[in-house]
Amino acid sequence: MKKTSIIFITLLSLVFNQNQNTYIWSGSSISIADNLDALNLNPAGLGFNRGEQQALIFKNLEGDNNFIGLTSRFKSGFAYELYYDNSSYNYSIGYGSQLMNNFYSGFKLNKKRDYSLGLLYRPFDFLSISSVIYDNHRNADYKLSRYSFAIKPFEINKLFSNKNSYLKKSNFSFGYDKTTNEIDQKIQEQYFLSLTITPGIDFSYFTYDDNYGFNLSFNLGKEGAQINTYSSNPFYGINSSSTSLVLYNYSQTLESNLNFKENKKLNYVFTNLDGYFIDEEPTVSPFDFIFEINIPFIGSENAVGTQLRKWIDNIHKITEDESIDGLVINLGNVKAGFG
Numbered sequence: 151m152k153k154t155s156i157i158f159i160t161l162l163s164l165v166f167n168q169n170q171n172t173y174i175w176s177g178s179s180i181s182i183a184d185n186l187d188a189l190n191l192n193p194a195g196l197g198f199n200r201g202e203q204q205a206l207i208f209k210n211l212e213g214d215n216n217f218i219g220l221t222s223r224f225k226s227g228f229a230y231e232l233y234y235d236n237s238s239y240n241y242s243i244g245y246g247s248q249l250m251n252n253f254y255s256g257f258k259l260n261k262k263r264d265y266s267l268g269l270l271y272r273p274f275d276f277l278s279i280s281s282v283i284y285d286n287h288r289n290a291d292y293k294l295s296r297y298s299f300a301i302k303p304f305e306i307n308k309l310f311s312n313k314n315s316y317l318k319k320s321n322f323s324f325g326y327d328k329t330t331n332e333i334d335q336k337i338q339e340q341y342f343l344s345l346t347i348t349p350g351i352d353f354s355y356f357t358y359d360d361n362y363g364f365n366l367s368f369n370l371g372k373e374g375a376q377i378n379t380y381s382s383n384p385f386y387g388i389n390s391s392s393t394s395l396v397l398y399n400y401s402q403t404l405e406s407n408l409n410f411k412e413n414k415k416l417n418y419v420f421t422n423l424d425g426y427f428i429d430e431e432p433t434v435s436p437f438d439f440i441f442e443i444n445i446p447f448i449g450s451e452n453a454v455g456t457q458l459r460k461w462i463d464n465i466h467k468i469t470e471d472e473s474i475d476g477l478v479i480n481l482g483n484v485k486a487g488f489g
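Numbered as in the working numbering, the sequence shown ends at 489 without a single skipped number.
Don't take each hint at face value.
Using 35 Å as the maximum straight-line C-alpha spacing, the simulated DSBU-like pairs for lysine-lysine come out as follows [claimed, not checked]: (1) K262 to K293; (2) K328 to K262; (3) K460 to K372.
Derived CB-CB ranges, DEER-like [stated by the list, open to error]: (4) Q248 to T348: 30 to 40 Å; (5) I474 to E430: 27 to 37 Å; (6) S382 to E472: 48 to 58 Å.
Calculated from the structure, these hints are not laboratory results. Predicted, not measured: the structure shown is a model, and the values here were computed from it. Cβ coordinates follow ideal geometry from the N, Cα and C atoms, glycine included.
Build out the structure end to end from the sequences listed, making use of the hints.
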């Protein structure tokens with residue numbers, strides 16, 4: 151039967167992390183960006199194999215302007231983004247790969263000549279370290295560098311007990327990002343935390359310069375949605391708050407208590423435990439009669455039975471079939487004898 155696999159990921163969110171003319175994906179931190187948010191936040195995250203992912207985003211901008219975008223990434227590490235912001239159509243492409251064990255790198259290019267180079271290192275399950283450089287060939291006044299670390303405390307063996315399944319499933323993370331404007335040396339510090347409330351519902355929160363933002367995600371297995379709210383951020387030239395809606399689709403199935411569609415398609419096999427069971431392979435008597443009553447020490451080979459071992463082997467095959475969710479055995483009248 152199907153084996154349950156617990157998969158936790160940090161889902162999509164939105165914030166501006168390049169110049170004011172670029173509206174992009176982002177997550178809570180560059181050190182945990184390894185899904186669709188990796189393209190614009192830290193392209194090194196594209197080096198993780200997340201299967202194929204697509205998302206459609208709707209976002210309100212300053213005034214009566216709106217933003218609509220489509221983002222996709224592939225198993226190869228390649229990703230692209232197409233978007234329209236009421237004034238022009240734009241696109242971005244990116245690629246990430248694994249350089250060595252637990253060490254990733256990536257780059258991203260934009261139509262407006264924005265580009266970013268990122269590194270991400272995860273030496274342990276509980277620690278992630280990263281750095282990204284953002285630049286623009288057309289704008290000599292735009293150059294940012296960002297450094298970050300993230301910690302998952304319940305991944306540390308000394309703090310985590312296997313008996314406490316909630317702590318493991320919470321996927322609790324916290325960390326720190328520091329962004330420096332290399333032109334005027336201004337600095338912005340950001341603190342964040344994220345957790346899985348229950349498989350299928352994820353929440354993240356971050357704060358910077360007395361402002362904050364949060365993301366709430368709902369995952370249905372392979373599809374989902376997310377709502378994001380952000381305050382203004384003058385450091386990036388964003389002078390108003392915003393709210394976004396994201397609809398996404400993954401090729402890999404994620405564990406979710408909200409996966410009602412999956413629950414409706416459970417596959418059960420029904421079988422009967424009934425009849426005459428014997429130890430050896432059944433044989434047919436050459437005599438054309440059947441003893442209805444077994445005589446002690448004599449027995450009868452006229453009643454053709456089912457070999458118990460073969461019946462058990464068949465049950466094992468059913469339980470090992472990952473396409474089968476359950477087995478129902480109807481108990482009847484069972485008799486046993488020698489083969």
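Structure-based check of all given hints:
| no. | hint | verdict |
| --- | --- | --- |
| 1 | K262 to K293 | holds (14 Å) |
| 2 | K328 to K262 | holds (25 Å) |
| 3 | K460 to K372 | violated (39 Å) |
| 4 | Q248 to T348: 30 to 40 Å | holds (31 Å) |
| 5 | I474 to E430: 27 to 37 Å | holds (29 Å) |
| 6 | S382 to E472: 48 to 58 Å | holds (49 Å) |
Checked against the numbered hints given earlier, the structure breaks only hint 3 and satisfies all the rest.
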